[in-house]
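Participant: If you want the building blocks of each chain, they are given just below.
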Amino acid sequence: MKNKKILTGDSVFVFFMYLITVLVFIIIAYPLWFIIIASVSNSNLVNIGKVHFWPKDIRWYGYEQVFHDARIWKGYFNTILYVAAGTALNIAVTMPAAYALSQHEFKARNIVMFYFVFTMFFGGGLIPLYMTVNALHLINTKTILIIMVAVNTYNLIIARTFVENIPNELYESAVIDGCSHFRFFLQIVMPLSKAVVSVLILYYAVFHWNDFFNALIFNSDNKNDPLQIVLRRILILNEAFANGNGGVQGGYAQSSADQVKYAVMIISTVPILCFYPFIEVFRKGSHDRSHKRVKMVHSCGGSINRAAEGGYSQSKNVPYSVIIFCYERCFYGFQSDICA
Amino acid sequence: MLAPGIIYIFIFCYVPMYGIQLAFRDYSFSTGITGGKWAGLKYFKQYFDSPMFMTTLVNTFKIASLSIIIGFPAPIILAMVLNQIKNRYWKKIVQTTVYIPYFISVVVLVSMLNVLLANGSGVIGNFLKAVHLVPRNMNLLGDPKAFVPVYIWSGVWQSIGWNSIIYLAALSSVDLELYDAAKVDGANKFQTIIHIELPAILPTIMILFILSMGGILNVGFDKIYLMQNSLNRGVSQVISTYVYTVGIRSAQFSFGSAVGLFNTVVNFVFLIFTNRQAKKYSGCGLM
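Line by line, the protein sequences are chains A and B. Just so we're aligned, residue 1 is where the first sequence starts under this note's numbering, counting upward by one. Just so we're aligned, residue 1001 is where the second sequence starts under this note's numbering, counting upward by one.
Okay, chain B solo, but in the shape it has when bound (with noise of 0.2 Å):
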């Protein structure tokens, strides 16, 4: 029963792991993965006395981290006012309506930002800019300031109801006993959120941050690359696209691999490195 799991993982996940040696290995289209000569670090060298290095790298840790800290604690929050509310058809509708963007497609998604933040007829961007949340001579869609900000926050925009789902999770398996304990002693609802609901949803809050922690430089190839346009390359050359454009549309293979090989380090590390920190000051952990 387990076999074409077992060996459906094992070509496309571990045939690949044991194709990373292309990165040490010049790739020639005759001898194929392994057959090529050694070569060493040359390709990471490659990669890291390119200029294309530093871009890559920053624009990946900047926008990977602004996605976490802004995207990160947005649900939590949607959870716990979605938590505060009574009125059980209000909360059946929003809850309803905050899913629904998650099913929609990147590519979907990707062009209703181009119609919507449109310069001169996107009514979205008007309004922005109406409201002096944006200057007024701002192009949303090729401004390079503006690309980060519109990829977090259309990312928030689809991402925080479905996120919050499993925050709402933990909220209602909190003892309700502990509310009645909290209302003798006299604390308002401000304080039963900071002191009881908090506490109770915290190990959930880690184990999710280390995960994302772990993934730091997996920010989503697909939005991005349909985001990307002539005009912010510059800011959103990230290195999952990077790796797409050298390594497939170019075909370097070796240089690809050996750049994709450092994204997954890069990742690994991160997240061994979190889930100890985490360990250590609030004694949950994945492993």
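Pulled out of the complex, with its shape left as it was, chain A reads as follows (with noise of 0.2 Å):
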């Protein structure tokens, strides 16, 4: 009797959890849902209120402006300049580094670490900063959009911590063999770390995609502009659009300014989401290799793709780095404060 009465509270219990995750879905899911029925949608009814879960009086109006829009198409090109380019970089960079400081023999690696860690913490501040790309001649350039944040201390944590966790027999047998460390880095070590390279990918693109603040410090040049800095003078600032047509003054009414809103907003935001499935493939390469081949199981790519999947792992505690790594993501505003 007593276990049926302990029964009922569980389920009662899990049918709210249930109930709580459909409300968080609808939280999340409209304001997403409602961007892209709107961009389809009459704008008129739109801004009256008619429009709530399907378009209505579907128009591709939007669209066919952005496409003709020549400053979208100009800060497209510059963001995948900097997103190409700038993880390029920040791999060559992050890579040797974390091997580097994963290497036990490597006696001063502790004070390096400490030499990079040391600036998550304190900085000089933003001006000073500013002053020394000034004095460098790197304001109002590309390359300076390209090499901001060559590394960032947390993704070269978890390069680490992953990279230590090859077996050290590897490094041995490949010395026998008469390898020296920088064939081994480039043979073995890095086709051994797809898994957590296609994790520094994934955050040093997003990184470079979204990253809106060191354009507006460093560049005011209007040719230099990435996507993010157009984005703001046509979503928030509300400026002309369309070579001149567009606006007040180019006679079409606020509305259809409006639809053309929200597809800037899609235009926009669905090419970072391309680069989502590269959690399934660090999911993927962090299964196959780390587990089967070398049993990396403490590595970072097992932990979170494990707990992206929710799934029961056997490891038993998580690496601090991936604590670190998650947390700095997304609650300290990794844009706005690098050195900061």
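I should point out that these hints are in silico values taken from the structure, not numbers from a laboratory. Hints should not be assumed to be uniformly reliable.
Unchecked claim - Quick look at which bits of chain A chain B covers, simulated, 3 or more residues with Cβ under 8 Å: (1) 10-20; (2) 31-41; (3) 68-80; (4) 108-118; (5) 261-274.
What the hints assert, rightly or not - Residues on chain A that point at chain B, a partial pick, calculated with CB under 7 Å: (6) Phe25; (7) Gly125; (8) Leu126; (9) Thr132; (10) Ala150; (11) Val151; (12) Ile201; (13) Ala205; (14) Asn210; (15) Phe212; (16) Phe213; (17) Leu231; (18) Arg232; (19) Ile236.
Every residue gets a Cβ at the ideal spot worked out from N, C-alpha and C, and that includes glycine.
Since each chain comes alone in its own frame, lean on the hints to assemble the complex.
Facilitator: The structure is reproduced here in structure tokens:
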């Protein structure tokens, strides 16, 4: 009898849990869905509150305008350049450093680690950073937007933790075969680190794509503007749209301008969502490689992906770096205060 | 192999640290960062004496502490709720959805707020007014009273899913035998959460908490800057936006550096303090 009572109490509890997830799902999903339907609906109907769950009076006007706007394409081009070149540079700087810091024979590694970690908690602030960049004559150049944040300390810690878990025997046998550190890194470590590299790519690329701060501070030249700055002009400062024939002077009503805005929001967000499956790649990679081949049970890849899956893991504890890592992504305002 | 990283950090983090002396000097274009006349604490005094000191400090603390009070527990609760969901498909759908907002840029997020909360035509704004969560005549985008709640809840909306990942990871590593033991002892689901799951993820919670306290004055510049308008400036001017406004926009480099340094030092002190307290009471800390 007693058992049965507990059971019913638990079912009510579980029912509430499901109810909460349904509510969370609606709260998160509805605004996203609304932007999508508003971008293809008649703006007048949207503005008087007639569009709720399904698009009404479908028209593609907003998208047509976006495709004809030179500023957006220019912004796209610049952003893609910054994402591609910036991310490549990030990996090229982060991975070798992570490898060097993971070598126990490297005596100064704790000192060097402190050298990096200290910058997480203390920095010169915005103005001295600006003055430094200015002294290097990098203001208003594309270069600064690529090399800013060449290495992020949190990502370095994650990469180091991962590389540290590559069994030392591999290196020892490679040395016997006459392999140098450099070659070992390129031919053994990098292929084995695909999982963590894809995580780094995911985060660095999302950072570069969404970076607004650095462009605002270090660039005032329109021809270097990344997409986010262009978006700000169109979406928040309400600048005239499309070759001067937009806005109030251009003659089309505010309502049409609104439809263009919805379209802009979607066009600018979809590409970065394409990186979403990287989580999946990373999940697979860490399973195949870490678990089967070298058994990197505590690699960060393994843990996050198990987390993402919500699956049950054999791993007993979450590496500290993973904690920092996820924390920093979302809470600390990564974009705003790299060294500030 | 380390050289590129070390050089980069040196130029973009340590050289600016050396440049902190700008806060103690009169900046002049001809002599650069280190050549100006020594001014002592003049610029700090100027900041402390200005009316903006209290405004920016209070605004920053208010936004930061409310972000922590509301934004910190939210993902923990979501993770615990998700952990109870046994239907794999539904769980996957919810997880996939709640991660999406994280990928949205600040600019797009703020413009979403601008359309969804707009007076009259904003769908979400109208809904909140209809269910009396918000007074009917409130302008959610301009009213100074609305700025902080809009900032914080939109932040929760954006990051709750992503932040919950780490707690889900910690929850998935709870020893399954503990659940069996609890069942044998007759614990119900709620008791299991309180007595088994919560203690299991406590170390994770503590470390994240210490770190968030260390960043207490680092409220996101981008979002506040983009949400600022002439109506809400009284409550939305925080230290970081103030540094940008006076330091870069009006080129008062020394004054801006002093304000920035003040911000850094307060953060540093908070980090050390919280870390010490956490170590004392829970035995886990950063350093």
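Participant: State for each hint whether it applies.
Facilitator: Each hint, compared with the structure:
1. Here the stretch 10-20 of chain A counts 6 residues with a CB under 8 Å from a CB of chain B, which clears the bar of 3, and the coverage holds.
2. Beta-carbon proximity to chain B at under 8 Å applies to 5 residues in the stretch 31-41 of chain A; the threshold of 3 is reached and the given coverage holds.
3. For the stretch 68-80 of chain A, the proposed coverage by chain B is not satisfied: 0 residues have a C-beta within less than 8 Å of a C-beta in that chain, short of the threshold of three.
4. Only when three residues or more bring their CB closer than 8 Å to a CB of chain B does the claim for the stretch 108-118 of chain A stand; here the count is 3, and the claim holds.
5. Judged by the Cβ-Cβ criterion of 8 Å, the stretch 261-274 of chain A is covered by chain B as claimed, because 7 of its residues qualify and three suffice.
6. Checking Phe25 of chain A against chain B by beta carbon gives a least distance of about 5 Å; that is within 7 Å, so the hint holds.
7. The interface hint given for Gly125 of chain A holds, since its Cβ lies 3 Å from the closest Cβ of chain B, which is under the 7 Å cut-off.
8. Look at Leu126 of chain A: its Cβ gets to within about 5 Å of chain B, closer than 7 Å, so that hint holds up.
9. Nearest Cβ of chain B to the Cβ of Thr132 of chain A: about 5 Å, under the 7 Å cut. The hint holds.
10. At its closest, the beta carbon of Ala150 of chain A sits 4 Å from a beta carbon of chain B; the interface hint therefore holds under the 7 Å criterion.
11. Contact between Val151 of chain A and chain B, as hinted, is supported at the beta carbon level, the nearest pair being about 5 Å apart and thus within 7 Å.
12. Residue-level restraint check for Ile201 of chain A is violated (minimum Cβ-Cβ distance to chain B is 14 Å; threshold 7 Å).
13. The interface hint given for Ala205 of chain A is broken, as the beta carbon of that residue sits about 11 Å from the closest beta carbon of chain B, more than 7 Å.
14. Given the 7 Å rule on beta carbons, the hint for Asn210 of chain A holds: about 4 Å separates it from the nearest Cβ of chain B.
15. Using the Cβ-Cβ criterion of 7 Å, the hint placing Phe212 of chain A at the interface with chain B is satisfied: the shortest such distance is roughly 5 Å.
16. Among the interface hints, the one on Phe213 of chain A holds; its C-beta lies about 5 Å from the nearest C-beta in chain B, closer than the 7 Å criterion.
17. Restraint check, Leu231 of chain A versus chain B: the minimum CB separation of about 5 Å is within 7 Å; hint holds.
18. For Arg232 of chain A, the shortest C-beta to C-beta distance to chain B is roughly 5 Å, which falls under 7 Å, so the interface hint holds.
19. With a least beta-carbon distance of about 6 Å to chain B, the hint placing Ile236 of chain A at the interface is held under the 7 Å criterion.
Against the hints set out earlier in the document, violations occur for numbers 3, 12 and 13.
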